[in-house]
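Visitor: Given next are the chains, with one letter for each unit.
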Amino acid sequence: MKLTERLRSLTRPVRSVPLARHLLVGLIAFLVVAAIIGSSSQYLQTRYAEMAFFAIAAGGLTVLTGLSGQLSLGHGALMAVGAYAATLVLERTGGETLADVFVALLVAIAVCAVVGVIVGVPAARLHGPYIAGATLTLAVAVPRLANQWEFLGGEQGLQVPVPRAAELPVWIQDLVWFFTAAEIDQYSFLAYLGWFLLILAFVALANLSRSRIGRRWRAVRDDDVSAELAGIHLGRARVVAFTVSAMCAGLAGGLMAMNVRLTAPGAFTITLSLTLLAAVVLGGLGSLTGALIGAGVLAFLPHFATDLGESAGLSATQAAEVTPVVYGLVLMLVILLAPAGIVGSLRMFLARSSLGQTKEKTT
Amino acid sequence: MQQFLDTTLGGLVLGAVYAAFALALCLIWRSTRIVNFAQAAMAMVTTYIALSLINVDVPYWVAFLAAIAAGFVLGAVIERVIIRPVEGKAELNAVILTLGLFMVLHGLTALVFGVQHRGFPAPVSTNAMTVGDTSIGITPFGILTIVVVAVVMAGLVVLFRFTDLGLRMRASAFNGEVSRLLGVRVGRMLTLGWALAAAVGAVAGMLIAGGDLVNPAFMDPFVIYGFIAAVLGGLDSPIGSVIGGLILGLSLSYVTGYVGEHLAPLVALGILMLVLLVRPSGLFAAAAARRV
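Sequence order for the protein chains is A and B. Note that the first sequence ends on residue 363 in the working numbering; no numbers are left out. Note that the second sequence ends on residue 292 in the working numbering; no numbers are left out.
These aren't lab readings, by the way, just hints derived from the structure by calculation. We treat Cβ as the ideally placed atom computed from N, Cα and C, and that holds for glycine. All the pointers check out, no bait thrown in.
Computed Cβ-Cβ distance ranges for the label pairs, DEER-style:
(1) A/236 x B/128: 49 to 55 Å
(2) A/5 x B/33: 53 to 59 Å
(3) A/316 x B/2: 42 to 48 Å
(4) B/213 x A/19: 55 to 61 Å
All chains, please: the whole structure from these sequences, using the hints.
Guide: Written out as C-alpha cells, the structure is:
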C-alpha cells in the first residue's frame, strides 16, 4: 500500500502536467508502433504510412471543426498546397537525405501557415453553410491552378524524388536494425517518419487543446457572444485555429507527396476533402483518437471495398466507386444515428454507466 | 469586338443555367434553411435517368418530362426520409448530411451507369448560328436554355405570388408554428419545396447535358457555382438568384475567355468572398442582421 502511494507521488508530475503526460504517451505509442511497423510486410507498411498522413490532416480538421466550430471542406486543397510546396523543394534539393526531407516538410508547413491565415481571416466571419460553400470552392479552385502555371506540371503532375534509405544517418539505420532486426528501406522509412511526425503533431494538438488557446476555441464554439463578453477576440481565436489546422494539412500533404511519389491535381479532388470530413465525423468531432480511427478507415477501407466490389463482379473502375459510397453512407448514418461519432458515443455511454453506478452507491 | 460579343452571349447561356441551379438552392433554403450541397448530384441522377430513356428511343421531350418527374419524386423522398430528422437542428449537421448524400448519389450513379463519358443528345442544333456570313457565339440550344430558364422562373413567380398553394408554402417558410396553427400542413409544404427544387434542378441538369458529354462528375462544378450564384442573390430571393446566376455566368465567361480557363474557380471564390464580406445578405436581399 505504502509502496503504491510512494509510486503515485513520484509519478504525479507526469500525470498532472499535460505536456509530460502527452509526451510519455507519445513515446510509448511510438515504440509500440515502431515495433509493429518493423515486423510488417511492405504492403502493410505502405498502409501505415498512408494512415499516418491521413491522421495528421484529420487531426488538424477535427481540432478546427470540433473545438473551434468551423467546418472546412478545403483541407484537400490545403494538402495540395503542402504537397506542391514539398515537391518543389525536394526537386531543388534532390531530396535524398533526411535533412532534405525535413526542410521540404518545414517549407510545406510554413507555406500552409501563410495560406491558412489568408483563408482563415475571411473564413472567421462566416458560419454554417457559408463557410462550407466557401471552403468547398477553395477545394475546387486550388488544384486547378496546377494546370494554369507551367512550373506546377499541369495535369500530369510532378515526380517526387524519394529519400534513399542508404543515405540515412548511420545511427538511425543501426537503431532500426537493433530493434527490429530488419534493414530500413524506403517503405518502412516513410512509415516510421509518418508515425514519428503524427505523434509529434498529436502531442502538440493535444497540448494546444488543453491550453488557454484550446479553452478559447471551445468558448467561441459554444457561445460566441459570451466568449466575446469574456474578453476573447473571436476573429483572432478562429484564425489561429484555422492556421494550426492548415499547418497540419500542409505537413500531411508533404508526406502524401513522398508516399505517392507523384504530385498531380487529380489526387486532390472534392472527394479527398469530403473523405477527410467523413473520417473526423466517424471518429467523433474534436477527438484526436477519433481522427486516428477515421484515418485508419481511410487507409484500409479502399482496398477492402475495391476487392469486395471486384469479387462481386464489378469492373476495376466501378469497384473503385464503392469506397465513396461507403464514406457517404458513413457521413449520413453517423449524423442521423450517432452525431457524436464513435469516440463521442463511447464517452457518453461510459459517462452514463458510471453515473448509474454512483447513483446506486448513494442510494 | 467579335470575341467580346461571343463571350457575352456564352456567359448569358452559362448564367441562365447557374440561375436555374441557384433557384433550386433558394427554394430549399426558403423552406428549410438548409443549403443542399447534394443538389448537383440529384440533378445528375435525373439526367442519367433521361439518358437511359433516350437510349431506348423515347422521344427527347418525353425524357425531359420524365427527368422532371423523377426529380420531383427524388426531392420529396429525400426530404421526407433523410432531411426531416435534422431540420431545425445544428446547421453543421444538415451540411454534413447533404455532403454525404452527394457522395452516395455520385458513387451509386458510377456503379450503375459506369464512369465513362457518354454523349447526350440535344433537341435542337448546338452549332453556332450565323447572321449573314459571320457566326455569332450563341447556338439554338443556348437560346432554348435561356427560354426554358425564363419559363421556369415565371412559373415559380406565378406559383408563389398568385396561387393559394404558393401562399401556404411562403407562410410555412416564414413561420412554421403560426402556419401550423392556421391549418397549413407545414410538413407537406416542406416536402413540396424540396420536390419542386429538385425538379428545377433536373431541368438545369438537362440543359447542361444537352449536346455535351456526361459522366458522373459532369455536374460537380455546379455544386459551387450554383451556391455562389444563390449567395450573390442573397439565398432568400428567387429574383436575386437569377440575377446572381447571370452575373456569375458573365464574369466566369470573361475570365475564361480573356485570362485563363483554370482561374475561373479562383475568381468565383473571390466573388463569393467579396459578397460575403461586403454584403453578407446578398446583393438583393433586404438588410437583415444575423440573429445570434
